[in-house]
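*Asks:* Line by line, the protein sequences give chains A and B. Residue numbers for the first sequence follow this note's numbering, beginning at -5 and rising by one. Residue numbers for the second sequence follow this note's numbering, beginning at -17 and rising by one.
Derived from the structure by calculation, the hints contain no laboratory data. Just so we're clear, the structure is a prediction, and the values are computed from it rather than from any experiment. Positions of the beta carbon are idealized from the N, C-alpha and C atoms, including for glycine. Take the hints with a grain of salt, since some may be wrong.
What the hints assert, rightly or not - Simulated restraints on C-beta separations:
| no. | chain 1 | residue 1 | chain 2 | residue 2 | range |
| --- | --- | --- | --- | --- | --- |
| 1 | A | LEU123 | B | VAL(-14) | 29 to 39 Å |
| 2 | B | LEU199 | A | GLY152 | 50 to 60 Å |
| 3 | B | VAL(-14) | A | VAL276 | 50 to 60 Å |
| 4 | B | ASN183 | A | VAL149 | 56 to 66 Å |
| 5 | B | ARG139 | A | PRO52 | 52 to 62 Å |
| 6 | A | LYS157 | B | GLY55 | 38 to 48 Å |
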Amino acid sequence: MLISVRFHGRGGQGAVTASKLLAEVANSMGYYSQSMPFFGAERRGAPVISFTRISDEPIYEMSQVYHPNIVVVLDPLIMKVVDVFAGVKEGGTIVANTTKTPDEFVFSQRYLNIIAVDATGIAIKNDLLVAGLPVVNTPMLGALLRAQIPLEIEVLEGIVGKKFGEEGEKNVKAIREAYDLATVKLVRGSGKRKYPRKKKIKVEFPISTPSEGVAGKTKLWRDFRPKIDYEKCNNCLNCWLHCPESAIRLNEHVEIDYDYCKGCLVCTTVCPKKAITFEREVFADV
Amino acid sequence: MYEVKILTGNETAAYAAMNSKARVVAAYPITPVTPVVETISKLVEEGRMHAKFIRVESEHSAMAACIGASAAGSRAFTATSSHGLAYMHEMLHWATNARTPIVMAVANRAIGPGWNIWADLGDALSQRDTGWIQFYCSNNQEIYDTIAMAYKLAEDRKVLLPAMVCYDGFVLSHTSMPVELTEFDDFLSEYEPVWKLDAENPFTHGNILPPEDFAELRHNIQKSHDRALKLMKKIEEEFFELYGRRTPLILEEYKMEDAEKVIVTMGAIGSEAKVAVDSLREKKVKAGLVRLKSFRPFPEKELRNLLEDKKVYVFDRAISPGSGGPLYNELKSALAFSPVKRIIPKIVGIGGIDVTKRTFERAIFERKVWIKEVVS
């Protein structure tokens, strides 16, 4: 038996921690386990993947997982930019943080088990926030245990409760809620699997020229939307100076470029006039 | 008694330094080895590790501080990677010639530009002539055991050489797996230096040396490397008797009894290679694996004995431009006069390209030397 799990999330959501916690749960139940994050130029909000392997025999694989049994999607918007279904085995499982129902998922496998849970809602309800952002990794592990996986929720609760100290109780409650509230359904897909052609990249010497938005329109990274109250703003430029993404423009007044603002909210804290407030972002078009 | 913890390669290296009783740590952070430095400074701060942690302004200074600490009679530890290791280069020679048995963790990473933070053994392999003992690990337990074993070997009076314990950046440095955190009390006692700098009894070392004496010094270093190889076998045995773990120092064999086609490689991909050997055997290919652990000293005789009459595929996760894979070249010269059927170079995993069992299979079934994509 070798179960492989792939986690999709964004930097700061705790995908790497979730992957390691799962390995710890498996290990404490007597299985061999391994947790392998993939690191790029990681920043808060950037797409992140991590892998967990669980086996009853020693694990010698030291490569990434390309054909997972289970995929955990921590961020509802990440499906817009990453193909989370890629390589998932027929009859495999997708555990998604979403407000959608399992039937709304579209994929090219013939059948997949879809486990849908509103982990963001559960995190906000249980006050699981770090730097104001909802932390969904522990409730997502709760939902994951509804999949075909020989791990017990009591063991997960025990490890999380011990590890997170004062925050432990809230996390354990969120895990149990996600486990209970998740909807599990076997869903039919199109059955027409696409095999993407490999891109040939030829670079003789690494040269890059200045350009705008090489990572695409990064507004999708945003959980919260900052807003400038121009009645209070005295145009001191403090926000413009501190914005790590240069997403505050200098026109007549400072202006937030909502195509690229990642919602880090640095501007709201550096504004001496408290002229920048924020609210939860809801994208009409996603 | 020991506990089993799920640890990354970096955390493992830090715990190994603690349990090996390293008393001075001077290090400078660099991706992907930074968590070693972070974990050690935390362990020192919490009072669990009894060591002096020295913050330095560069890797060159880190090694200089370790040499000073070792010369003053302390067990010294540091960790670095890639550009940091390159920056340390001058001091690496110094540590060898001064006979300071420092142990260093190296998370192998490519060297830029073409900015790349991922696994590539080129950083450590380009330090092969510095006189350091070099081990390449293939899982986290091995990192843990090897650091303690490296101290035992490096500090032996027949050896007295510094040692690098290398592991693939990210692939091992950031991957978590179960590690038995054995205490090394029965295996390693406090460091007892042969000589040490002492203000009460002043003397100097590293001063001017005429040609004949310098040749003698260099010859002695070569002889120490030869003796280190013999000692490694003893240390492997002693370690096995104490802790029940067969942690190789020289090399590891896998399904070699009847093997015809043999993979030779080092590092983390040497673990993946076991999966490849199993998969090849399912396809009726009599495959085997020799995973080299000690690159310096290079175990010529052991390799010759194992690889006679075999078809040998050498997988390098590094390239010496203008020549070829460093391991391939070393092995070719070691096997020059032995009846090996063929020795075939393969270059894989450069700059962190993921190496899967299918990478090995494709490399063996196809004629290409370079595999420059992920074979998933």
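*Asks:* Among all the numbered hints in the text so far, which are the ones the structure does not match?
*Replies:* 3, 5
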